[in-house]
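Asker: Now for the letters of each chain:
Protein chains: 2
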Amino acid sequence: MTTGRLMVIGGDAAGMSAASKVRRQKPEREIVVFERSPHTSYSACGMPYFIAGLIDSADKLVARSPEKFREKFNIDVRVQHEVLELDPTAQRVRVKDLISNNEAWEPYDQLLITTGAQAIFPQLEDSNADGIFSLSTLASGIKVYEFMDKHLPRKAVVVGGGYIGLEMAEALVRQGLQVSLIEKGEQVMGTLDPDIGQLVSEALREIGVTLYLHESLTGYEQSNGMVTGVVTDQRTIPADLVIVGLGTRPNTGLAKDAGILLGEKGSIRVNPRQQTSAPNIWAAGDCAESFHLVSRKPFHVALGTVANKQGTVAGTNLAGGYATFPGVVGTAVSKICKYEVARTGLMEREITGLGLQYKTATTKTKTRAGYYPGAGWIMVKLLAELGTGRLLGGQIVGLEGAAKRIDVLATALTAGMTVQQIVDLDLSYAPPFSPVWDPVQTAARQLLG
Amino acid sequence: MTTGRLMVIGGDAAGMSAASKVRRQKPEREIVVFERSPHTSYSACGMPYFIAGLIDSADKLVARSPEKFREKFNIDVRVQHEVLELDPTAQRVRVKDLISNNEAWEPYDQLLITTGAQAIFPQLEDSNADGIFSLSTLASGIKVYEFMDKHLPRKAVVVGGGYIGLEMAEALVRQGLQVSLIEKGEQVMGTLDPDIGQLVSEALREIGVTLYLHESLTGYEQSNGMVTGVVTDQRTIPADLVIVGLGTRPNTGLAKDAGILLGEKGSIRVNPRQQTSAPNIWAAGDCAESFHLVSRKPFHVALGTVANKQGTVAGTNLAGGYATFPGVVGTAVSKICKYEVARTGLMEREITGLGLQYKTATTKTKTRAGYYPGAGWIMVKLLAELGTGRLLGGQIVGLEGAAKRIDVLATALTAGMTVQQIVDLDLSYAPPFSPVWDPVQTAARQLLG
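So the protein lines, in turn, are chains A and B.
All residue numbers for the first sequence refer to this note's numbering, where the first residue is 1 and numbers rise by one.
All residue numbers for the second sequence refer to this note's numbering, where the first residue is 1001 and numbers rise by one.
Since the hints were derived computationally from the structure, they do not count as laboratory data.
Keep in mind the model is a prediction, meaning the values are calculated, not measured.
Please note: incorrect hints may appear among the correct ones.
Under the rule of at most 25 angstroms between Cα atoms (straight-line distance), these lysine-lysine pairs were calculated in the BS3-like manner [as the list claims (entries may be wrong)]:
(1) B:1338 to A:68
(2) B:1256 to B:1096
(3) B:1364 to A:364
(4) A:60 to A:26
(5) B:1364 to A:72
(6) B:1060 to B:1072
(7) A:338 to B:1297
(8) B:1265 to A:364
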């Protein structure tokens, strides 16, 4: 059954990748997309750079507008339409037009849920004061920008030291604000081992961010409805702008209420074809579960790359083809001013959690031949299984040219390579690009002992 | 037998990697190294950047000096000693001290041949005129530098459009010379397919190099012993400096005369442990054969990375351990001013030569998210086997950040991945580093159709 009405809930990366794929395969099929926000196919990852002033218009973050989908692809995209209820038995959804406030039941033959993730935003004292924001949709990023434009805040507090928190901290430093960051862990970037995360903490301090580690958000202070401070378990930090960057959770209330099986972190459980537990219902992107190719366990990750891949796989299947999404290895990368940070695979506590034994090596080398102008430092940490020598994970911190080397490790992890096989890799070498042993190979050599 | 006298002929990457490895494993063993030049363990690849003035001293290209090897590693390095004859039956070599001109027979228990490669330098009319140079050893690079310092040449001709030719053309442009380059092929970089090589030709022209393609060197013109011109089959080009960059050939006369089996391009045939056909004689580096992991055939490549790897493997075995060198995938990278060029695996004519059928796709995308400042173009060409979809090769040309992505393809080739598996890879993404689909994945998606 791949000829009836295809309905997609959510018009960002996963949903529109799928819809576009189906359209290419099935030029005549009816495709309707409901999207709560005014935007489709935007780069949420680009918002910190928009707020930093590196990108002059939020429009540039939109890959394809709703109009373009309607006019060029004949996809019936209805923005500012929120799906309130899913009835899998009758194969229909209840949709609210957020402009007219009209509600209607709309039928589907096949349904793809791509509802994404929502920012975690704890309800605390005065958390409804103006000037406190989380970031998830493009609309939420525009709100921050407009607030800054109107109120010219001078003291910002970022709550949470994950990717979005750090990127926002840098963005606000670039815009001339005095920036503090609170993080309940012992260092920022909890997806890095503490020894590597500590380097990132140092990098943040170097760009002028005041770090409060081991501190938890307990509430806010406000005056006349405007935020004036962030209260932690240890102090009150004055603030006229607060960014809550505590991560996201899969946006799966609709699926849960409809009795669809959930998995890791509340994400929708899917098989490798992106099918859910309910007939004719599929899911992809930040709301859907993934599989971790190293731990061999279900895994959840909210990333544009994964959303695009899962969306394409779902679209191929929804168009009557056959495709599977094999999974992820947990790769991520970020830039904090001049510092580049990347990770892939498992970190120490994940390895220990799996009951595996490991060995590790960390080496500090150069991004280019040592004698070549512009060679910067790069630190590579590798983790491998004791006995087999199988690579389990890698983390990189360094200057320009450092981070993208993580892709070699991601590829090696996918292939199940050993540390010796990484040493043997025929990686590219010329003095402007690398020392004669690439930094990932130097770490691998060190790990071999 | 890993306790007697270890002799190494050739004190650069392969030889000194091996000697160092043996020394670490066997602190007491006698190790003697004969090196014809005054230098050990230098970066030949760094010479163009020294000549370009990017590196202020040739000393910086020396990783470890002969003195350091003698004093810190107790390795008896004898520079300016040339081995003239090898007698494998009596296990001895005849060595000439190039300073005193004394000759002597020196015995060995195990011998490692790491004699490298020599620049191809055709003997033509007036080819002995001053101002005509090839580049292979560090000493040859210093000669060019000293010549330029003394004679202040203004018009240079580079003969040959391979890596060293192009890097030298850029170096001479940087030093303010008027540079012409002659190449007998239809475009520079014969290790790239013509469509990609043509982009490199354009890049060279853009930096001001006058290109003469389809032209062959036939001789030189000179006056008072100094070169004044380069003669091709079509014209005479005025020149007061000529760099002959026609590649190298394995330096294996000694091995051949001793009856040791040779292989590809006259390189010394070795098994994966780096053993030659003669008892107790091993070989590694530019003089030794490799194995191509994609074509599954013997292959020869003269590269510092391979020399270091083969040297380490030979050293492990010579110290009584067990190691093998699995082979190469033909990876190379180069920088021509702002342009980056890289390749790995097989090119079209190699694939055809193996009797394989292939499909190919070339995509032009960006090195970063399109909206992120500094995003430059990157062109990726992929080649895959028809039917199986197995990756066979890849070529990249582009701006800053383009070339090192070749390492993902090199790793994928080593693992025998298909194009679909490349699409599925969990590569790192953040706007400062990549579009949401990495350029190598965009090319892979295009190839899947």
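Asker: Against each hint, give a clear statement of whether it holds in the structure.
Answerer: Checked hints:
no., hint, verdict
1, B:1338 to A:68, "violated, 36 angstroms"
2, B:1256 to B:1096, "holds, 19 angstroms"
3, B:1364 to A:364, "violated, 34 angstroms"
4, A:60 to A:26, "violated, 29 angstroms"
5, B:1364 to A:72, "holds, 22 angstroms"
6, B:1060 to B:1072, "holds, 19 angstroms"
7, A:338 to B:1297, "violated, 44 angstroms"
8, B:1265 to A:364, "violated, 38 angstroms"
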